[in-house]
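Chemist: The lines below spell out each chain.
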Amino acid sequence: MPPQVAERQYQGRVHERSRQLMSDWMAALGRAEAEGVPTGALMISGNCVELLRACHILPMFPEVTALQNAIRKKSLPLILKAEQAGYSSDNCAYVKADIGLFLEGGMGPGRPIPFPTITVCNYVGCNVYVKWFEHLADISGSKLFMLDVPFARTPEPRPEDVQYVVSQLRELIALCESVTGRKFDIDELREVLAHAARAEDGYARCKDLCRHHPAPFDAYFDAINMMGPINVLRGTPEAADFFEEAVAEFESLAAQGLGPLTEERFRTVVEGPPPYPYYKNFRNLFTRWGAVAVQSTYSTVGGIWEWGFRHDPRRPLESIAEQMLRENLTNRSITARYQQIRRYVEEWQADALVIHSIKSCRLFSAGQGDMRDYFTRELNVPTLLVESDLEDPRYYAEAQLKNRIDAFFEALEHRKLVAAR
Amino acid sequence: MTTESVLDRCRDLIALPPGAVAEQWKARHPGGRAVALYPVWAPAELIHAAGMLPLALLGAGGSVELTHADARFQSFVCSIAKSTLELGFQGLLRGVDGFVFSNICDVARNLASIYQRNFPDALVTYLHLPQNSTSPAVTGYLAGELRRLADALAERFGPRVTDAALAKSIETYNALRAGLRALYDLRIAEPQNLSTVELYVALRAATLAPPEEALGWLGTLREQAAGRAGRRQDRIRVVVEGAFCEQPPLGLLEVLEEAGCYVVEDDLLLGWRWFTDDVPTEGDPWEALAGAYVNRALASSTRHESRRHRADGLIEKVRRARADAVIFTPAKFCEPALFDYVLMKQGLERAGIPHLLVEFEEKMWTFERTRNEIETFVESMLFE
Ligand code: SF4
Ligand code: SF4
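The listed protein sequences correspond, in order, to chains A and B. Reminder that position 222 of the first sequence reads as 222 in this note's numbering, one-by-one numbering, no gaps. Reminder that position 200 of the second sequence reads as 200 in this note's numbering, one-by-one numbering, no gaps.
Each hint should be verified, as a subset may be incorrect.
Claimed, not checked - Here are the simulated DSSO-like pairs of lysine-lysine, each with C-alpha atoms no more than 27 Å apart in a straight line: (1) Lys183(A) to Lys81(A); (2) Lys143(A) to Lys26(B); (3) Lys26(B) to Lys81(A); (4) Lys317(B) to Lys345(B); (5) Lys345(B) to Lys168(B); (6) Lys81(A) to Lys345(B); (7) Lys73(A) to Lys416(A); (8) Lys74(A) to Lys416(A); (9) Lys143(A) to Lys183(A); (10) Lys143(A) to Lys168(B); (11) Lys416(A) to Lys402(A); (12) Lys81(A) to Lys402(A).
Read the hints as simulated data drawn from the structure, not as lab findings. What you are looking at is a predicted structure, and each value in this text was computed from that prediction instead of being measured.
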C-alpha cells in the first residue's frame with residue numbers, strides 16, 4: 001500500500017504566469033495573418049528563436065500545438081485523420097497530430113493556427129524534424145529552410161561545425177529580410193540575446209533549487225510550466241522577468257521547506273517526455289508514493305542551461321550556433337545522456353531513475369533498455385522503465401503502468417528500510 | 001566463370017556473418033583492417049584508399065535469434081538495428097575493426113553510441129551527412145567531415161589516406177557503380193533476362209568484397225545476361241521503393257517476381273550506387289566526393305533535397321524505367337520510409353501511377369499473404 005501523499009495546492013504564480021504568457025503568444029499567432037505579421041515555424045530542440053525574433057518574424061512551434069491538443073484530449077481524432085491519409089501507426093504521433101489538424105481544418109488561412117510564412121527546420125538531432133517540416137512545407141506551400149546542425153559526435157563542436165552553422169544562419173537572415181522587407185540589425189539581436197541569457201539564468205537557478213530537500217517543485221511535471229517560456233518565448237523581456245519571479249517563488253518555498261507534495265519520500269530523475277494525453281493521471285501515480293522528480297531530461301530538450309552555458313550578445317551568431325550544436329539534449333548522443341542523468345542522480349541526490357519510454361519518439365527511446373542496463377548494472381541505481389506515448393492516448397495503459405510503478409516503489413521502500421537498519 | 005558460378009560465390013559470401021567475411025579477407029591480407037558501413041551511404045572509397053576492406057553492415061536477416069538486443073531496443077524499433085547489435089553480442093562481428101554510422105534516422109543514431117558502449121574496443125565513427133542541399137557552405141563542410149573520418153582511421157589503425165590514393169579509389173568505385181548502373185539498365189531493357197534476385201545477390205555480395213573482385217562478377221553477369229533470350233512474360237513492370245536500409249528477405253523478392261512483377265527499378269542497397277554518374281576524378285578528391293554527395297546523389301529517403309519534391313525523384317524513376325506501378329516496401333517501424341510513403345503516394349496519385357504498400361521485416365519467413373496481395377494488385381492492373 002502506498003502512503004497517502006497528496007499534492008499541496010501550491011502552484012502559485014509560476015503556473016498562472018506561464019499560462020498567461022503562452023496564451024498571449026497564441027493570441028498573437030491567431031492575429032498574425034490579419035495583421036500581416038510574418039510567421040516562422042520552428043522546432044523546439046536547440047532552436048534559434050532569438051534570430052527570428054530579431055528579424056521580426058513571429059515564431060510558431062508545431063510541437064507546442066501538438067502537445068496542447070494532447071493535453072486537451074483532442075489528439076486522437078487528429079492522429080486518426082492522418083493515419084487515414086496514409087501515415088503509419090508507427091510514425092511519430094506529434095507529426096500526425098499536426099497534419100491531422102490541417103486535414104481537420106484547424107490550420108491554414110483564416111484558421112486558429114496560420115500557415116507559416118517560412119518553415120525553418122532547425123535540424124537539431126531529431127531526424128523526424130526533417131520529415132515533419134518537409135510535410136508542413138508541402139501542405140502550406142511555405143518556403144522551407146533546412147538549417148543543418150551537425151550532430152554532436154566529438155567531445156566539443158569543432159570550429160568547422162560552428163562556422164558551418166553560422167554561415168547557414170547568415171543565409172537564414174537573408175531569407176528573413178526578403179520576407180519582411182526589413183534590414184537585419186545585429187544590435188537588435190544582441191539585445192534579444194541579453195534577454196535570452198537572463199531567462200536562461202533564471203531557469204538554471206530554478207532547477208538548481210531542486211537540490212534542496214524537499215525540492216520546491218517537480219522538475220518533470222512542473223517544469224513544463226517553464227518550458228514554454230524558456231523554449232518559445234526566450235529572448236523576450238517578459239520571459240526573462242517570468243524566470244526572475246519563478247526564482248523568487250521557489251526560493252521562498254525552499255526556505256520554508258515546502259515542496260509540491262505534502263511529503264517528499266522519494267527523489268527521482270525522470271527521463272523521457274511525459275504522456276500528455278494523461279498528464280495528470282500519470283503524475284498521480286507518482287504523487288501517491290511521495291515521489292518527486294528533482295531533475296528531468298525532457299526539461300532540457302530545448303537547452304541545457306544548468307552547466308552554465310548562456311547566449312552571448314558579444315558573439316551573437318557563434319553563441320546561437322554553439323547552443324544548437326551542443327547545449328541541448330537532443331543534439332547529443334543517447335550515451336551522453338547517460339552521463340547527464342548520472343550527474344543528476346548524483347548531484348541532485350536522487351533515489352531512483354524513472355524512464356518513460358515513448359513509442360513516438362525514437363530519438364529519446366530507441367535503446368533505453370541499454371540505458372536501464374547501464375544504471376542498474378553498472379551504477380546500481382534503481383531504475384524503472386515504463387512505456388506509453390506523448391501524444392497518442394492509445395498507448396497509455398493505466399492499470400499496467402500503475403502495477404509497475406507500485407511494484408517499483410514498494411521495492412524501493414523496502415530497500416530504504418533495509419538500508420536504514 | 002559462368003553466371004551460375006558467380007552467383008554461387010556471391011550466395012556463399014552473403015550467407016556469412018560480417019565478422020567471417022572480414023576474417024576471410026584478412027587471411028589473404030595479413031595485418032589488414034575491415035570497416036563495416038551501416039546503411040545508407042558511407043564513403044567506401046575512403047576506407048578502400050586506406051587499404052582497408054569496406055563492407056556493408058546490414059543486420060542479420062533471420063539468421064540469429066535475438067537474445068540480448070531485444071532487452072536493449074524496444075518492440076517498436078526496426079529489426080536491423082536490433083540484429084546488428086545482436087551480431088556484436090554473439091561475436092559475429094569479431095574481425096571487424098571499425099564501424100561507420102550516419103544520421104539516417106534516430107534509431108541508427110542511438111545504435112551507434114550504444115554499440116560503442118557495449119563494444120568499447122571497436123572504432124565507432126558517426127558521420128554527419130548534410131541535410132542542407134543548397135548552402136554554398138555544404139560541400140566544404142562535408143569534405144571536412146570525410147577528412148575527419150580519415151583522421152579517425154589513421155589515428156587508430158595507422159595508414160593515412162593520401163589524395164592520390166583517394167582519387168584512385170574513387171575511380172575504382174566509379175567503375176563499380178558504372179557496372180551496377182549497366183546491370184540496372186539491362187534489367188530495365190530486358191527484365192526477363194536478369195531477375196531481381198540475381199541482381200540483388202550480386203549487388204549484395206559486391207558490398208562485402210573488394211571492388212576489384214566484384215567488378216569481375218558484375219562483368220560476367222552482364223555479358224551472360226545480355227546473351228540470354230528469355231521470353232517476356234505477362235507481368236507488370238514495377239519500381240520497388242522503401243527498402244534502402246533493412247534488407248528484405250530473398251523470399252520476398254522472389255515472391256514479387258513470381259506474383260507477376262518485373263522489378264525494373266529499386267532502392268535496394270542504394271548507398272552502394274548512390275551517384276547519378278561518376279564522381280569527378282580531377283581536382284581535390286575530398287571536395288569531389290563531397291560535391292558529388294551534394295549534387296549528384298540519387299533520390300533517397302534519408303537525404304533532404306530541397307531542389308526537388310519528395311515524389312519527383314520516384315516519379316522520374318518510374319518514367320525512366322518505363323514502370324507501370326510502384327510497390328512500396330518499407331521495413332516495419334522504418335520512420336524515414338514510412339514518412340516518405342505519404343508524400344510519394346500523393347505524388348504518384350497526382351501523376352496517375354498505381355501503387356501498393358507491402359511492409360516487411362528482415363526476419364519474415366512466410367510470404368503467402370504478401371503473395372496474395374501482390375497477385376491481386378497485378379491482376380487488377382493486367383485486366384483493367
Ligand atoms: S521523434 Fe521525438 S523529438 Fe522528434 S518530433 Fe517526434 S516527439 Fe519530437
Ligand atoms: S530500417 Fe529505417 S528506422 Fe531502421 S535503422 Fe534503417 S533507416 Fe532507421
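Chemist: Next, verify each hint and record whether it holds.
Modeler: Verification of the hints:
no.: 1; hint: Lys183(A) to Lys81(A); in the structure: violated (42 Å)
no.: 2; hint: Lys143(A) to Lys26(B); in the structure: violated (51 Å)
no.: 3; hint: Lys26(B) to Lys81(A); in the structure: violated (54 Å)
no.: 4; hint: Lys317(B) to Lys345(B); in the structure: holds (14 Å)
no.: 5; hint: Lys345(B) to Lys168(B); in the structure: violated (41 Å)
no.: 6; hint: Lys81(A) to Lys345(B); in the structure: holds (16 Å)
no.: 7; hint: Lys73(A) to Lys416(A); in the structure: violated (38 Å)
no.: 8; hint: Lys74(A) to Lys416(A); in the structure: violated (41 Å)
no.: 9; hint: Lys143(A) to Lys183(A); in the structure: holds (19 Å)
no.: 10; hint: Lys143(A) to Lys168(B); in the structure: violated (41 Å)
no.: 11; hint: Lys416(A) to Lys402(A); in the structure: holds (21 Å)
no.: 12; hint: Lys81(A) to Lys402(A); in the structure: violated (30 Å)
Of the numbered hints listed earlier, those contradicted by the structure are 1, 2, 3, 5, 7, 8, 10, 12.
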